[in-house]
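Just so you know, the protein sequences line up as chains G and D, in that order.
Counting in this note's numbering, the first sequence runs from 1 upward without gaps.
Counting in this note's numbering, the second sequence runs from 533 upward without gaps.
Quick caveat, the hints were computed from the structure, so don't treat them as lab data.
Keep in mind that a hint or two might mislead.
[Unchecked claim] List time: in silico DSS-like cross-link candidates among lysine-lysine, alpha-carbon distance up to 27 Å:
| no. | chain 1 | residue 1 | chain 2 | residue 2 |
| --- | --- | --- | --- | --- |
| 1 | G | K213 | G | K297 |
| 2 | D | K702 | G | K528 |
| 3 | D | K590 | D | K622 |
| 4 | D | K534 | D | K622 |
| 5 | G | K526 | D | K534 |
| 6 | D | K590 | D | K534 |
Single-letter residue listing:
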Amino acid sequence: MTTTVLLGDEAIAQGALDAGIAGCYAYPGTPSTEIMEFIQRAPETRDRGVHAQWSSNEKTAMEAALGVSYTGRRALVCMKHVGLNVAADGFVNAAITGAIGGLVVAVADDPSMHSSQNEQDSRFYAEFAHVPCLEPTDQQEAYDITRHAFELSEKHRVPVLVRLTTRLAHSRANLRRAAPCSGETGVRIPSDPTRFVLLPGNARRNYGELLDKQDAFVQESTASPFNAFLPGEDTSLGVLAAGIAFNYVMESFDGACPHPVLKISQYPLPTDLLRRFLDSCERILVAEEGWPFIENKLHGPLGPDSRILGRRTGALPREGELTPESVAAALGRPVPTPAESELLCSRPPRLCRGCPHADAFRVLNEVMAPVGPGHVFSDIGCYTLGALPPYSAINTCVDMGASISMAKGAADAGLRPAVAVIGDSTFTHSGMTPLLDAVWENTPVTILILDNATTGMTGGQDSPATGRLTGIAAGLGVPEEHIRILVPLAKHHEENVAALRHEVFEWDGPSVVVFQRECVQTLARKRKRHGT
Amino acid sequence: MKQDLIIAGVGGQGILTIAELIARSAVRAGLNIKQSEVHGMAQRGGAVVAHLRISSEKVHADLVPRGQAALILAVEPLEALRQLPYLGPKGWVVTNTTPVRNIDTYPPVDRIRDELRRAPQALLLDADALARQAGSGRTMNVVVLGAAAHALALPDSMLEQSLQERFTPKGDEVVQMNLRAFALGRQTASNQ
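Using the sequences plus the hints, can you model the full thing?
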């Protein structure tokens, strides 16, 4: 047993490596990115030849991992919460095919939307797909739970979801590693050749089997070392604490909570434990990070039940992350309320000095000036900061790839001109299919691909788009004369304006204008590495 | 033994390096830590903060509760001010005084300094100037670490050992420069 200090994300990565995975599959997304990054750096990845390349998006990651599981070997898939929307088709149907080699899906939710568009709660997805979900309270549990999840997945032949939230993903602590799994498993063809063929007849049989496993999942939760009923003298209130919320409850009483506590880190809910807990306390405070997932079940369809307190009833804030203060206040503990200085002003993130996106936005703003705001659909990446002053250059940011599809829809409705602004990595993630739609119908949309040769916002991961963009655009059918590469530098400003103006105003079909210059952050890191 | 720390600044100023250096020293001393960091979009020139909790017992929450920090170590004055609600009744504020004015609405820096000086215990220093004296402006964060070392429940020798470990891959020159920066910060604190 060795001790180390790891981020919650890294604890999951180390747990998966020690569980003997054949591969990790992921698309970068805050707060999940560090899982794959740790695996890429780990010595055992090189020694054992663990697959550790990024996937184009979360769906391809999920399906590739299912392919690993098909061969009887273990795989980890990682993504942020909204990435599971992209991977949902594969995820939900992987529950129907079932897993053979252990298949663990690690999803990092982002309550408070530090780097996200919503604060959806991935526990709903696990329930929706009828698979077990594990939710660690700390870094040690993140490690232990990941190893447990692989065992659980193989024992019941289902994918298992491990859910964590920003605060655990990006917090480090001491943890003890256990001995890694020994013994390599080779590739095997599944013994039942029909299991992965979801024709209706097979799917109905598999789905029935999955439903039959539900009671066993509840029994697993009851026996789980990660769920615990901690007795307490003051039964006027019981505290149900899930995941990281457990820490805030313990913090409120310096580790000695006078109330009974039901700690939940494994789902579906352990019914026997839950019944004993509910019967032993007068009122219940449900502390959970994310949506009132457990709380709403306790209220029932006729709720709210006055015995049950939580995020839905206002005992805890309905939105955002829990904090030591919000949980302490809900438990009736004193909370200091120091005043903030009146001098404070916010300091939002901004594009780096020398960022190529800034030059591209200056070109775009000059070209679009005659038609005014409202014509530019954009996407998810550093360039979303182009919505803020001094650029105020873009008008939408919804989900990966939506810039192109929304521009097309707006053009279909009659908006002229309609422009999309998307990054290189976002384009290969989800922009290629809507571009094909535009080509198919010869829709007048101008698509700016801001190609900085990296996935910038998540810290500069390699992008599969690098070196392939014009080939992809041509392959999808964009006319060669309407695929342009421009270099976003001030000295090229005038010629860039002229070229873009031509595509936006003088061509009545789809065009792709690639603004190509490397991210200043990745460039600086490369120069440092090479000592230049 | 239990100590809660807040480390603050602007994305790109080396906040996470400072947090890592202190955490590394605490772990070497056989203590438990929890260190919560900001990753992602805010690191692009936004406000960045790390919460670091050190204890001989189990650490529960990853976040420092308000009004409980023994030290706010800041490499930028407005960011020190932003974290004041976390400061405990006898806590120290140790901060660089050089502002990063990457926003149009930056408040008058004299007024920020006046408010910071009203903390229970405060040490304000021009860490940028001291860092240049040490050999490179990039050691500014280590100067502030040196100035805050007296408020940490860890011996200087452990912090210096962590500095050596952390910068050894970058060569002996960088190690010596950072040790100088640490000493200059330390000296400024003891001269106050």
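Tested hints:
no., hint, result
1, G:K213 to G:K297, "holds (21 Å)"
2, D:K702 to G:K528, "holds (10 Å)"
3, D:K590 to D:K622, "holds (23 Å)"
4, D:K534 to D:K622, "holds (14 Å)"
5, G:K526 to D:K534, "violated (41 Å)"
6, D:K590 to D:K534, "holds (10 Å)"
Checked against the numbered hints above, the structure violates only hint 5.
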